[in-house]
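Participant: If you want the building blocks of each chain, they are given just below.
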Amino acid sequence: MSALLRVQDLKKYFPVGKDLLGRPTQVVQAVDGVSFSVEKGRTLGIVGESGCGKSTTARLLMHLIEPDEGRISIRGKEFGRIGGRHPVAELRRQMQMVFQDSYASLNPRLTIEDSIAFGPQIHGVSEREARQQARDLLDKVGLNPNIFIRRYPHELSGGQRQRVNIARALAIKPEIVILDEAVSALDKSVQAQVLNLLADLKKEFGLTYLFISHDLNVVQYISDDVMVMYLGQVVESGPVEQLYQNPSHPYTRALLSSVPSQTPHQRKQHKVLEGDPPNPIAPPSGCRFHPRCELARPICAARQPDNVRVSGAHQAACFALPDSSGYSEYIQLQEVCA
Amino acid sequence: MSAEKLVEVRNLNVTFKAEEGPVYAVSDVSFDLAAGETLALLGESGCGKSVTMKSLMRLHPAHKTRIEGQVKIDGVDLLAMRPAALSALRGKTVSMVFQEPMLAFDPVFTIGDQIAESVRRHEGCSYAEGRKRALEMLERVRIPSAAKRLDAYPHEMSGGMRQRAMIALALACKPKILLADEPTTALDATVQIQVLLLLKELQRELGMSMIFVTHDVGVAIEVADRTAVMYAGRIIEEGPVDQVLSQPWHPYTQGLLAATVHPGMNRSEALPAIPGSPPQLTRQIQECAFAPRCRYRSDACLEPMPAAYQADNRAVRCIHALTAEAV
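Residue numbers (this note's numbering), protein chains in the order written: chain A, 1 to 338; chain B, 1 to 327.
Heads up, a few of these hints could be off.
What the hints assert, rightly or not - DSS-like mimics (lysine-lysine), calculated; alpha carbons at most 30 Å apart, straight line:
| id | chain 1 | residue 1 | chain 2 | residue 2 |
| --- | --- | --- | --- | --- |
| 1 | B | K148 | B | K92 |
| 2 | B | K17 | A | K268 |
| 3 | B | K200 | B | K92 |
| 4 | B | K148 | B | K5 |
| 5 | B | K64 | A | K268 |
| 6 | A | K268 | B | K72 |
| 7 | B | K200 | B | K5 |
| 8 | B | K176 | B | K132 |
| 9 | B | K132 | B | K64 |
| 10 | A | K40 | A | K77 |
| 11 | A | K268 | B | K54 |
| 12 | A | K173 | A | K11 |
| 13 | A | K40 | A | K173 |
| 14 | B | K148 | B | K72 |
| 15 | A | K18 | B | K148 |
| 16 | B | K64 | B | K54 |
| 17 | B | K176 | B | K64 |
| 18 | B | K64 | A | K203 |
To be verified - Among the chain B residues that face chain A by a calculated CB cut under 7 Å, a handful are:
| id | residue |
| --- | --- |
| 19 | A308 |
| 20 | Q310 |
| 21 | R314 |
To be verified - Residues from chain B that keep clear of chain A, each with C-beta distances beyond 12 Å, as calculated:
| id | residue |
| --- | --- |
| 22 | K17 |
| 23 | Q70 |
| 24 | D77 |
| 25 | D181 |
| 26 | L256 |
| 27 | R267 |
| 28 | I274 |
| 29 | I319 |
Bear in mind the hints are in silico, worked out from the structure with no lab data behind them.
Backbone N, C-alpha and C define an ideal beta-carbon position, used for all residues, glycine too.
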């Protein structure tokens, strides 16, 4: 099956600080060469710690931030603001987004109905039709339209507001929905309701999800494929079972073993990583993880590792993987010299 | 748990006076904390866990809050304390670590000065001695190049470093009780586990007791000896953490654990969510506040709630707890 969404070599560097002439003195390499593809009907989970570029990637996909480089295509059609590419408005009709902060993403002066019906009208649906659709959608996300349609965002609870945001994202019938920490701010009992809702909607409308989260348990539950990011780059990706059972990048291993235990008899005894993720303004040379990595060797600081196939579609970018170039040869060389 | 009781809370009620009327944030909360013990207050937002915690240092604005009941800290009646005694207690006997260290530190003073000030205030030593203690504490919480960090301002540190500095500040005067209000919630996964392990280690070294507020079952499991689960301002279940969280008695605790996504779940099955949402606390709820969402609900649940059922060092406030346990 060919990919529904394909992203190639996405890049965004943010300038930080200015010198006397207004030239940027430093750049944050927020997203640095991210490529992936998603097949129709699947859910791609994107995980990583704060500052790893997962949210920036989402915003770049939607063109809420203009990418510096890279190609974004849906069904082989390339979108963007550069000449020759299809317009961004069309991209946004096919891809919508739900944000973490349910309150900040709704206009406080619009009723729920107006918020949901706004998008379709921009895209040429008549007002009457858009309003009818808003009622149907509210019903679909589990809110009684007769009760909620005239309400304002502040009259709703966090879970209800997030349902409204989901309804609004679906209002223009997108194929792809980006969920950027969409359930992270919700309490666990409400989070479970919204996760169930997302699964139902996916089935009903044949949606494809990009699920961005720092919660590794939730990502494991909802995703088909997972992509792990570290300092603006993808370090490992693959089908969820393979990646969680056989994490191959040292960072993925550390990340997965940092999750607090769910059973009292398996408390963590040792920390897995020292220190904080480094500053993306001056990322480490070579493999960006090498200063925190227990397997690091000189080659890790000197060169950037390529993606290596672990098995099937499971890939990781690490020199320490068996069939990777450089690392094992280097180790052998060291042994010979010693 | 017949050890020395450091904290004794009896029938604590906290009511906030709001424009729209009173908010009954905490109702009839009682618990003890023994020396060297860690208690996790577990619950979702608005359940009163942070309010309970802040009451233990009387941090709520007096003119807007009514606190009733009895709180004894190290044998002293907290609610009867005068301001001077209270300010001697804060940071010395009881100390607190907050969720967002950026808001807890003063942005215009260096980390070293803020720690030194606390030491001088409580131990009456010189500034130089205070700085020395500050350095010692920063090393203890394993901040790299601690001597340099003494002169750093809070904004110059990363989130994890700031939280370590916050812990150094809270522990500078060797308090007997540390109150930690979601100290790792804002941190990344790999940093969170570092801070949790650090707190446990410092607790052993200093022999202090801890109360840990969290909404994360996993965090409670990692740090606590005992846990008290809160819902709508009440403690609804309490006991040793391994028992409560592996065999919960209260339907809410059961629901919460079932709804929490954990590894090894069947991905093709829907999550067992708890329907509805927690109640507003603008009314004094006498009956079981969870009843509207509870699958064991019966007419008896709408009667005023009876006292806790206690057995095996555990307590639960549910008339169906025993039958629910069997289900």
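Participant: Checked against the structure, which of the hints given earlier come out wrong?
Facilitator: 2, 4, 5, 6, 9, 14, 18, 19, 20, 21, 26, 27, 28
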